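Asker: Throughout the sequence shown, residue numbering follows my numbering, covering 656 to 889 in sequence.
Please keep in mind that the hints were generated in silico from the structure rather than gathered at the bench. Treat the hints with caution; some may be incorrect.
[Unchecked claim] Below are the BS3-like pairs computed for lysine-lysine, each with C-alpha atoms no more than 27 Å apart in a straight line:
#, residue 1, residue 2
1, K741, K712
2, K715, K843
3, K843, K881
4, K712, K881
[As the list claims (entries may be wrong)] Ranges between beta-carbon positions, derived for each pair:
#, residue 1, residue 2, range
5, D698, G870, 37 to 47 Å
6, N701, A869, 35 to 45 Å
7, E766, H720, 15 to 25 Å
Values in this document were obtained by computation on a predicted structure and should not be read as measured data. Where is the CB? At the ideal position from N, CA and C, for every residue including glycine.
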Amino acid sequence: MLVSICMAVHNSAAFIRNTLSSVQNQTYKDFECIIVDDYSTDDTVNIIYEEFCKTDKRFKLFINHTDPNKPYVDSHNLSYELASGKYLFRMDHDDEMFPDCVEFQVNFMEEHPEIDGSCVNMSRVGENPDGTLDKTKDATFNLKDPRERKLKIEASSKETCDLFNQYNAFAFKGNLMCWFNQASCLRKSFFDTVHPRYEIFRTGDYLFWWRVLAGGARLYKHHEVKMYYRECDH
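Modelling step: build the complete structure from the supplied sequences, incorporating the hints.
Answerer: Following this line, the structure appears as structure tokens:
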């Protein structure tokens with residue numbers, strides 16, 4: 656069963672090898688990795704094409720030629736549009752998956768057809784001078800907070816609205832994070848029906864998932880940590 660791992664990249668030469676290697680090393684092998692380059696000016700495109708696309712046909716590189724004034728937004732949306740898998744996985748260009756990340760979420764979604772999307776927990780790590788992850792500075796997101804435990808999110812629930820409103824946009828500022836866009840999985844059938852979009856402002860990810868909820872989605876937040884989140888500015 657094919658799944659799609661969707662990614663927008665921009666000037667990622669320092670770390671894209673490790674990011675894509677973590678995808679390539681997944682225990683779940685039936686995937687396509689849709690990569691949309693967003694006007695990179697470094698060696699990102701060459702690395703992706705020469706080291707991944709030429710040797711592994713599961714990696715598919717596209718160049719964004721839409722609107723340079725909409726960084727990442729058009730590229731994120733395009734990556735979903737180009738995907739053909741049963742499930743759409745979102746991944747950022749500087750994070751890394753645990754080897755069983757895709758298999759874990761696919762198994763869950765297959766066992767729970769009533770759920771439209773899920774996300775795993777993430778571990779915050781630093782960055783070494785060579786661009787690799789410094790996993791000695793591991794700080795899992797708020798595992799002790801009861802609201803960060805396994806969470807089923809119903810679109811029509813008042814609790815859902817209350818929870819999402821606590822984590823407004825990317826202004827988390829020390830608040831616990833309820834949902835990780837970059838560690839998410841969404842059914843392609845749901846996406847094709849509701850067609851949520853990313854927008855060109857700081858809260859674009861937040862708005863995307865609100866549109867998912869407004870479309871009637873049932874979401875599930877996992878307690879299990881299955882990805883590394885690179886905690887630095889790129």
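Asker: Give a verdict on every hint.
Answerer: Hint-by-hint comparison with the structure:
For the hint linking K741 to K712, the alpha-carbon distance of about 18 Å falls within 27 Å, and the restraint holds. For the given pair, K715 sits about 18 Å from K843 by alpha-carbon distance, which is consistent with the 27 Å threshold. With a CA separation close to 21 Å, the supplied pair K843 and K881 stays within the 27 Å bound. Taking the CA atoms of K712 and K881, the gap is near 25 Å; set against the 27 Å cutoff, the hint holds.
Taken as a hint, the range 37 to 47 Å holds for the pair D698 and G870, whose Cβ atoms sit roughly 39 Å apart. Between N701 and A869 the CB atoms are about 41 Å apart, so this pair conforms to the stated range of 35 to 45 Å. Roughly 40 Å separates the CB atoms of E766 and H720, a value that falls outside the hinted 15 to 25 Å.
In this structure, the one hint that does not hold is number 7.
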